[in-house]
Structure formats: structure tokens, C-alpha cells
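Keeping their order, the protein sequence lines are chains R and H. Under the working numbering, residue 383 is the last one in the first sequence; the count climbs by one each step, no gaps. Under the working numbering, residue 1335 is the last one in the second sequence; the count climbs by one each step, no gaps.
Think of the hints as simulated: they come from the structure by calculation, not from any bench. C-beta atoms are modelled at their ideal positions from N, C-alpha and C, and glycine is treated no differently.
For the chain R half of the interface with chain H, some residues (derived, Cβ under 8 Å), not all of them:
#1 Q88
#2 F196
#3 S201
#4 R202
#5 S205
#6 E219
Chain H side only, calculated, beta carbon under 10 Å to chain R, not exhaustive:
#7 E1134
#8 H1152
#9 E1156
#10 V1160
#11 K1163
#12 T1164
#13 G1167
#14 G1168
#15 T1250
#16 N1310
Beyond 10 Å from chain H on every Cβ pair, some chain R residues (computed):
#17 N36
#18 N57
#19 N81
#20 D105
#21 R115
#22 S128
#23 C133
#24 Y190
#25 N228
#26 D255
#27 S258
#28 N264
#29 S346
#30 K349
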Amino acid sequence: MSNLWNSTSDLSFVRNAFREYYFKHNDLVETPSRINEREFGLMTFQTGMTRHLSFNNIREVYATLIRNTPSDFYCSNAYYNFPTNSMQDKGWKGADLIFDIDAKDLGLSCEVTHRYHLCANCGEMKDSTDGPCPRCKNLTVRVESIPCSNCFISLRNEVKKLITILTDEFGLGNENISVYFSGNSGFHLYIYDACFHHLDSRARSDLVGYILGNGIGPEVIGVRKGANNKVSIKFSKIGFRYGWSMRLARKLRIDQSSLSKLTNLINKLGGYEEFGKYIREYAKEIGIKIDPQVTIDIHRIFRHGGTLNSKSGLSKLRCVDLNKFDPLNDACLLSDTEVQVYVKPSNLKFKLGGHTFTASHRKEKLPTYAAVYLICKGLATTI
Amino acid sequence: MKLGTADFAKYPFLNEASKFLAESHLDVDEFNRPEMEYIIDRAAVRVEVEMQGKIYKNLERHEVEVLTFLSALILVKLTKVEQIFKKHSLFEAMRAEAFLIQDLRSERDERKKQLLLFEIFKELFKVEVDIDPENAQVFRMKVTDYLVRSSHFHEEGWKVVNKTVHGGYVYLDAEEIVRLVRNELSNFIYEKIRAMSLSNVPQPMVQKANDLALKFRPTFEYKLPRISDYPPCIKHALDLMSKGENLPHTARLMVATYMLSVGKSIDSIVTLFHPAPDFNEKITRYQIEHLAGLKGGQTRYNVPSCSKLNSEDLCFRTLDCGEITNPLKFRRRAE
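Just chain R, same shape as in the assembly (with noise of 0.2 Å):
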């Protein structure tokens, strides 16, 4: 059994709400385009992953998420000649673009108030991440957070800030940008357009570096590295128009003709290395922060589209509106029958399926859904 269920019980609670949920959801469960050329994977609730999976159309899908149960479904971004062989043998044929931002990713203040530490053996809470635990002393921790309201509308506007940058200076239309719900605390950008489909681990790699700023030099406006830490600068004849230039020329409040007023801010920061670090800082700063490996991979495997997430019990969701999507809210579709669990820590309260819940180390009745929350997150148990 894996660490991540405390009990038997709790693990077998869970997997019934999961199955109640593909009886009734399966409509939910999206069909993705060239079904037959990708690969599958699922996580069991006991057993582990298992990948190279192959299904010919969506019906064979709902028959395995039914039969098997899964607690997380995962399809591949990419597309194969032969999806079950082993990864060098697959031929592959390409994959879709995705981009993930998670509220962990944001450095959020709020992020410490809705931390919790758990012993990662036996799910006992702990004040933090130091020392035994309490009960097993073992020292392996495992970090659960309740995303926030706040955390929602900062990654909501990461995620609007990206789709500018996809479609002002990718060239990207919003009918080839799909924004998705990951089921627990961030949002995952499917990009269909199909020119983007075949660049490979380093190509994206560079795309990703674009997005968050990265390897950024003084060169994009045109400061190059002279002698003895000297510069010397020439105006592309590009100009500050758009992208990065741009928006570093604004922060800098130069332009073409600002050649004398960038040399003294230069001088003044101290040369151009020092000069390069204060760009860099500044493009870390605005840079959108996306989980560069999720990008990078051209072989990986994505929870999919209207499956649940094991660590919520929510689902993955596609979201039409992104300004009207309530992920704990929209997302929370298992059932709210009554049932009754212990909750671990002290004074919880979270919001979840309209409702705001106030939970205190103790037994409570809860919804299935807010139960199955909570107990994906290890801080309840089934009683």
C-alpha cells in the first residue's frame, strides 16, 4: 500500500468515490485528438504506475477508468508510431506544446498559512519539517498545502499573463491555447497549433527559457561586452518595438535615441556584467513562472482532461471562462453524501464546493467530496 493512504479504509473510501465518479462523469472524460497514437499511463491505488498504454477509442478508456479504478489517468503529449513499446522504440511523432503553473511555483506570502507538515511514514501531523516524528520518529516529510483564494487569482493571472505572451509574440490564436484546471493548485496551457508539435527537447527548452526570462543578456538591447568590463552598444536597427526589448527598454526608460543616457545608467551600475545581473534579476522577476521540465519533456504523460486528481479528489478541468472558473468549486464533483472522518489538525478551515468548512481535530461529518479532500491531503482519516 502506498504511503499516501494512511489506512485500508481511507484508501478503499477513496477509490469508491472515484468509481461513483466515472459511473456518473464519464461524459467529462475528454477524447484526445489521434487517441490511437498515444500513450496511456495510470497510477492504481496500490500497485503503482503502470505506462505504455494504448487505447483505440475513448470508449476502451471509460471501460478502464470503470473496471480498474484509477486514482490518476495520464495521457501523453505526444503522438507515436507504436505507443505500447518501450520509449526508444515508439517513433516518435511529435507532441503537443503544455505549459504548467503551480501555485508552489509563485513564492506566494499566503503559501504558510495553509502548509501543513505530515510525517511521510505513518501521516502524523508535525509542527515542521525538522526533527522525528512524533510518533514513528521517522524524519521523512511530506508537505501538504490547501490552495487559497488568493492563491487562485495569482495563478489566474499568471496564466493570463502567458497566454499575452503566446499570443502577441508567439503569434499564438486562442482557438489553438486550451487552459485547464490540474485538479488541485495550478493550471496546465494545452497549445495545439501543429507547427509547434515537432520541436524537440532543445527547441522547447529555448521557448521555455523565453517565457521565464531565462539566459537573458544585455545583448537583446544591444550592449555588448567590450574590453576590461567596458561595453560598447549599437541600437539593433530592430529597435525596442516588442518582446523583451521592449520591455526592458521600458524599464530602463530608453529608446533609439537614448544612447548616452544607457551608457551612464551602465557606468553606474558598475560595468557590464553588473549591468547583465540587473537585467537578469528584473527579466527572473516578470518572467512567467512555469515549471520549465513540463515544457522541456516531449515524452511525458499529463493527467487527463476530466480525470480526478489523487491529491484532491478534484477533477481536471477545462476551463471555457477562466474569469468565471471556480476551480473549488467547478472542480468538486463527487458526491455529497455525509460521512463522517477525523480530521488531524487543529483549527482547518477551507472552502469546497460552495461551502466554507471549519474543521478542528476532531470527528467530523462531512461531504464525500470535502472528506475525500482532505484525506488525499492527509489530514483526515476515515473513521
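On the provided structure of chain R, position chain H as indicated by the hints.
Just chain H now, kept in the frame of chain R:
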């Protein structure tokens, strides 16, 4: 509007230039005629200059240039030396690159400029390049076409974050846009050499080719010592190098750091890079010494991890790799 004969002189590999040759009904045995002697000598000099790592800059009228280009291809093919094929292709590409930069910078007629872009980028390599509507000295390429090419370049300046990107295009100057297709042009010329089928070649040409082969055939035998000891990523890179392929910087770095880590001498590692078409002993030696921590910042570079190599498409993992996380562990496993 059509390209003129002056353009064929600079870009003799263009389809239009080939038509000129076809119309002149020239057979290989006609290279025996006395008036062709000048062309063949010129072609041999061109190849010699290139084998010395330089660009042949002399430019004459188009009839001479197109025939010299063809003669050089024949001579190179007759040498039967793969390294000469590769090096000639690369330096021919660099020669055309220099002309094209000049033309794109100085040509005032935008239609002519657009035609050149079309004939070279679109016709040969299926890449669309436009002139920026706001500045005729600026060119733009689709961002995905750019990424496919630029991601093989090591210098930070080529990273797309250091370029102007807007509306799905990357904006570049003449030098940048031309440099992006150097490898493709080089491969294009290389394939022309490979595809040539020659018979009844006049003796003077055969003799010239033999002289070139004798002079520029690698003087050492490129032997991979106990190749089974190497992990598949290194073996793959060495295989490509032995065929004179132009390895990306990341692959060269992987090979050099690996060889340093397994205790190979600087000299023996420099020798490994000999077959590279752009090989320059002085530069190669400096770079390897730099990686060894003997030059520059005195930092010794580590062999990139398997995951890093995987992300750079340099990983060719086999079952023998097991669960190793660095190519160096493969060797230790084998031992």
C-alpha cells in the same frame, strides 16, 4: 522578376543556375577540352583553399563560377574522402553566406531582395523569410522555424529570449538570418556530392583529384579504442564524428568532458575531433584545456548528467545503461 547571371555566379547551387548548365548541354568528357583547363585548375585551387580552412573569395563571371562549382564538386567526389566532402560542403556554404549577407544588406530593390530570400530559403529549405514591413534591413522568420535552427547554437545571443519576437516571428538582421541556414546549405551541397554518379571523367581531372586526396586525406587512422566500453551516447557521437559529421556544441562538450573524466590526454582528445569539418586544432585544444580547468576560469567541467543529455537529444539509452544517471557510471558498470 528573375535572378540574373551575377546571382548564379554567387549562388551556383540554385536550381536556376543548374538550368544554365543543362541548357549548355555540357558532358563530363568535355572537361577534356583545352579551354576547360583554367576552370579545372581554379576548382582545384578552390578545394585546396577550403581544405586549409579558408573561404575561397575570388568571384568571376557566372559562366566561370558555375563551371568551377561543378568542377569542384566532381574533384571532391573523385577523391572519395568523406572528410573532404564534408569540409568542401561547409566552406562552400560559408562562401555563399558571405555573398548573401552582402546582397541582403546592399540590395535596394526590395523585390530583388525578396526573390533572393525566396530562391534560397523557400525553394531550397522550405523556410519562409520576409522583409520587415517597417524596416527593409530587418528580416523575420516564423518562431518555430527559428527555434528548430537556433537551438543547436551554443552562444547565448542565439537564445530566442535575446531576440525580438512578435506576432509569431523572430526579427533578425541579414547576418543572423543567413547564418541560421549554414548547416542546411552545407548538407545540401554535401548531398549533391553524394548523389553524383561519374563516368568517363577526363584523366586530368582524375589526376587533380588524386593529388587533392593525397594531400588532404587524414594522415591518421580514426580508430575507436574498445568502443564497447563507451556508453551509447558517447559511442553515437564518436560514430558521427568519424563520418565527418558536424556535431553540435553540446555533443562536443559531452565527448570532451567524458574523455577528460576517463583520463584521456588532451592530445588524444584533440585527435578525436580531427574529422570535424570545421576542425581547428588551436581552438579545439584551447576549448578542451578550458574544460579541463587548465585555461580561463580554472573550473573543471563535469560530464553532463543523463537527464541533461536526454533534454538535449543526446541520450541513446540502451538496456545496458540500466538506471545510471551519468554516462561515466556506464564505464564503471562495465568495469
